[in-house]
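In order, the protein sequence lines correspond to chains U and L.
The first sequence stops at residue 400 when you use this note's numbering, and every number in between is there.
The second sequence stops at residue 400 when you use this note's numbering, and every number in between is there.
In case anyone wonders, no lab produced these hints; they're calculated from the structure.
Just so you know, not all the hints are guaranteed correct.
A pair counts as met if it fits within one copy or between any two copies, since identical chains are not told apart.
Straight-line alpha carbon distances no greater than 30 angstroms define the calculated DSS-like cross-link-like pairs of lysine-lysine that follow [unchecked claim]: (1) K232 with K252; (2) K363 with K245; (3) K176 with K332; (4) K332 with K350; (5) K324 with K76; (6) K332 with K76; (7) K141 with K59; (8) K232 with K209; (9) K324 with K274; (10) K324 with K264; (11) K232 with K210; (12) K141 with K254.
Please read these numbers as outputs of a predicted model, since none were measured by experiment.
Read off the chains here:
Protein chains: 2
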Amino acid sequence: MTKVEEKVSNKQVLAASYITGNPKQSDMYLSTSTISLQLSSEASNAVLVKNLYLSCDPYMRGTKTTDNKTRLFYSFSPDSLIIGYGVCKVLDSKHPDFRKGDLVWGVTKWEEYSVITITDSLFKIDHTDVPLSYYTGILGMPGMTAYAGFYEVGVPKKGDHVFISSAFGAVGQLVGQLAKLMGCYVVGSAGSKQKVEILKSKFGFDEAFNYKEEQDLDATLKRYFPEGIDIYFDNVGGDMLEAALVNMRRRGRIVVAGMISQYDLDEPQGIKNLVTIIYKQIRIEAFTVYDYYHLYPKFLDTILPYIREGKITYVEDIAEGLENGPAALEAMFTGLSSGKQVVLLASE
Amino acid sequence: MTKVEEKVSNKQVLAASYITGNPKQSDMYLSTSTISLQLSSEASNAVLVKNLYLSCDPYMRGTKTTDNKTRLFYSFSPDSLIIGYGVCKVLDSKHPDFRKGDLVWGVTKWEEYSVITITDSLFKIDHTDVPLSYYTGILGMPGMTAYAGFYEVGVPKKGDHVFISSAFGAVGQLVGQLAKLMGCYVVGSAGSKQKVEILKSKFGFDEAFNYKEEQDLDATLKRYFPEGIDIYFDNVGGDMLEAALVNMRRRGRIVVAGMISQYDLDEPQGIKNLVTIIYKQIRIEAFTVYDYYHLYPKFLDTILPYIREGKITYVEDIAEGLENGPAALEAMFTGLSSGKQVVLLASE
Numbered sequence: 053m054t055k056v057e058e059k060v061s062n063k064q065v066l067a068a069s070y071i072t073g074n075p076k077q078s079d080m081y082l083s084t085s086t087i088s089l090q091l092s093s094e095a096s097n098a099v100l101v102k103n104l105y106l107s108c109d110p111y112m113r114g115t116k117t118t119d120n121k122t123r124l125f126y127s128f129s130p131d132s133l134i135i136g137y138g139v140c141k142v143l144d145s146k147h148p149d150f151r152k153g154d155l156v157w158g159v160t161k162w163e164e165y166s167v168i169t170i171t172d173s174l175f176k177i178d179h180t181d182v183p184l185s186y187y188t189g190i191l192g193m194p195g196m197t198a199y200a201g202f203y204e205v206g207v208p209k210k211g212d213h214v215f216i217s218s219a220f221g222a223v224g225q226l227v228g229q230l231a232k233l234m235g236c237y238v239v240g241s242a243g244s245k246q247k248v249e250i251l252k253s254k255f256g257f258d259e260a261f262n263y264k265e266e267q268d269l270d271a272t273l274k275r276y277f278p279e280g281i282d283i284y285f286d287n288v289g290g291d292m293l294e295a296a297l298v299n300m301r302r303r304g305r306i307v308v309a310g311m312i313s314q315y316d317l318d319e320p321q322g323i324k325n326l327v328t329i330i331y332k333q334i335r336i337e338a339f340t341v342y343d344y345y346h347l348y349p350k351f352l353d354t355i356l357p358y359i360r361e362g363k364i365t366y367v368e369d370i371a372e373g374l375e376n377g378p379a380a381l382e383a384m385f386t387g388l389s390s391g392k393q394v395v396l397l398a399s400e
Numbered sequence: 053m054t055k056v057e058e059k060v061s062n063k064q065v066l067a068a069s070y071i072t073g074n075p076k077q078s079d080m081y082l083s084t085s086t087i088s089l090q091l092s093s094e095a096s097n098a099v100l101v102k103n104l105y106l107s108c109d110p111y112m113r114g115t116k117t118t119d120n121k122t123r124l125f126y127s128f129s130p131d132s133l134i135i136g137y138g139v140c141k142v143l144d145s146k147h148p149d150f151r152k153g154d155l156v157w158g159v160t161k162w163e164e165y166s167v168i169t170i171t172d173s174l175f176k177i178d179h180t181d182v183p184l185s186y187y188t189g190i191l192g193m194p195g196m197t198a199y200a201g202f203y204e205v206g207v208p209k210k211g212d213h214v215f216i217s218s219a220f221g222a223v224g225q226l227v228g229q230l231a232k233l234m235g236c237y238v239v240g241s242a243g244s245k246q247k248v249e250i251l252k253s254k255f256g257f258d259e260a261f262n263y264k265e266e267q268d269l270d271a272t273l274k275r276y277f278p279e280g281i282d283i284y285f286d287n288v289g290g291d292m293l294e295a296a297l298v299n300m301r302r303r304g305r306i307v308v309a310g311m312i313s314q315y316d317l318d319e320p321q322g323i324k325n326l327v328t329i330i331y332k333q334i335r336i337e338a339f340t341v342y343d344y345y346h347l348y349p350k351f352l353d354t355i356l357p358y359i360r361e362g363k364i365t366y367v368e369d370i371a372e373g374l375e376n377g378p379a380a381l382e383a384m385f386t387g388l389s390s391g392k393q394v395v396l397l398a399s400e
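Next up, chain U with everything else stripped away, as it sits in the complex (with noise of 0.2 angstroms):
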């Protein structure tokens, strides 16, 4: 007798059609399909996980770039899966790293239950001590993106005078706290009053200002920066970068996590002061986590202990229910998140 495959219902979260820019609730629409929550024995390698939280991440965009080869962001297409990190249960497994029961973290889909077969970024998840939905932000990719720029990228040291830009994103509020864990004076930049104030108040930076408010950025970072800039952790590009080459000091890093201001642009700006490296033998890097990953072991040591002893702020703004999801993504993109934007499907 052949067995009956049970299969149940799978709630999806997709993308209604190409997605060029920053994503509204209105590119996406839900749908459910169903799913066998047991791998057929041909899925090697693969897990079938059951979401519990979803992350949105300002990467989740679509970008204007046609060239493939040098495409950062998947374009999300019609009729496809929402993809993004996640922080997972497994239910079943045919890979030998995870077994049912294991809690990981790393690229799933925006669906109730999902099959993952490209597992080298998914992480087991051994420390429960804290909040499960940091495995998202704080203990997940955003995390790792934030220590692996800072550290391995930026090479810091005490004293160092650092600026960050979008320093109210989740990796920008985590490179600060980790500057100022360091002994670094910092300044961050973000776009509206509150978060200037949350950044002061809240998250210990030294100096923040509002970017909109500004005529004339050198003449700002002149202002916050009258010995210069050591490291710059740049995520924005565009006339921000421009101000900071010229402020920056001698040997000085530049740590490109990304160029925001550059993405939607037909041609991008021209950067002038460039030539400015010369005079001030600076660096400028950029990186993606998926090179530090390595690391993760090392992160968690130093980290955990921060967050266990209440000396790094941490701030979540979860959306209940997938149905949320495209809100909550929308947003985050919009700057309205009041903390690290996650979606909780299920606590367990």
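Please arrange chain L on chain U, whose structure you already have, making use of the hints.
Then chain L, alone, in the frame of chain U:
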């Protein structure tokens, strides 16, 4: 009785005016001064030398930059001695590290005899089985620049695809040969058909091209680097940098030794392709040889055997007599020198 100080005649080359670009013969003039060949007892840490060889190097030019803080190159000012690297013999010393009879290389002045007070970049010459003049080039500052830029900044590995602009220059020639010795694929650009031929036939470059004959540098680089560039050793900046940026491989390194195309512009060229560093995790690093002189002994251990074993080709163009120095310097800048341009003052 007071001892009468004996002085000898001292021929010198001075700047006739401020020099804001490449120096021409007419920007300099000859004069004769006198000098005592004994240091006074107050001249602590100074060294009195007889200049044997003087070096003509591309950094010896004026710049439009008037901001002293970002000025890379000294501007020549009216009636000041031309300053440059040279090989010298110590005639008297109040410095503990140098004694009469020592041969040294480092920063000196364009005159027969000099008192050197800034001795932190003065190196004793211990190996005289190679021509002394080599210490103005392959065994001196240009050699150290090539070595530090290629090995320390470029971090090359066997099989890397290496592109060098201004490849015919003293630094570029050596970078190319070091890269070949490491097992890299090496392409250089130069400004004449003859230089291109010599790069290939004499210096062992895999390929070379005359940038003046190329209409579309992006297409040119795609032709020579269909799989992309791992290391771009940049001496020119501008359009060549734009083209290199879009042809870099993932995690490629752009080693910036200079951006000669930009120094004489009223406003530097905006670099539009800088944003591509994000897509491919590129590092751009500008350096100065001064930060790497501590590696000089290690450098000699690498380069001296290559020279002795004939594994590196090195060509000099030696002008005789200080009075021919200004013409030699102009020739170096106009590309007329047939090798590393040196001025011979005295053979010992």
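Here is what the structure says about each hint:
Proximity of K232 to K252 under the C-alpha cut-off of 30 angstroms is restricted to the intra-copy arrangement: shortest distance 12 angstroms within a copy versus 53 angstroms between copies. Taking CA atoms no more than 30 angstroms apart as the test, K363 paired with K245 passes inside one copy only; the shortest distance there is 25 angstroms, against 64 angstroms between copies. In the homo-oligomer, the alpha carbons of K176 and K332 lie at most 30 angstroms apart only across protomers (28 angstroms), although the nearest pairing inside one protomer, at 43 angstroms, exceeds that limit. Only between protomers do K332 and K350 lie at most 30 angstroms apart by alpha-carbon distance; the minimum there is 25 angstroms, versus 32 angstroms within a single protomer.
When the C-alpha separation of K324 and K76 is checked against a cutoff of 30 angstroms, the pair qualifies only between copies, where the shortest distance is 29 angstroms, while the shortest distance within a copy is 34 angstroms. For a Cα distance limit of 30 angstroms, the shortest separation of K332 from K76 across copies, 28 angstroms, qualifies, whereas the shortest one inside one copy, 42 angstroms, does not. Only within a single protomer do K141 and K59 lie at most 30 angstroms apart by alpha-carbon distance; the minimum there is 18 angstroms, versus 89 angstroms between protomers. For the identical chains of this complex, K232 and K209 are intra-copy neighbours only, at 11 angstroms inside a copy versus 37 angstroms across copies, given an alpha-carbon limit of 30 angstroms.
In this assembly of identical chains, K324 and K274 lie within 30 angstroms of each other by CA distance both inside one copy and across copies; the values are 18 angstroms within and 25 angstroms between. Proximity of K324 to K264 under the C-alpha cut-off of 30 angstroms is found in both arrangements, the shortest distances being 22 angstroms within a copy and 24 angstroms between copies. In the homo-oligomer, the alpha carbons of K232 and K210 lie at most 30 angstroms apart inside one protomer (9 angstroms), although the nearest pairing across protomers, at 40 angstroms, exceeds that limit. When the C-alpha separation of K141 and K254 is checked against a cutoff of 30 angstroms, the pair qualifies neither within a copy, at 33 angstroms, nor between copies, at 64 angstroms.
Checked against the numbered hints above, the structure violates only hint 12.
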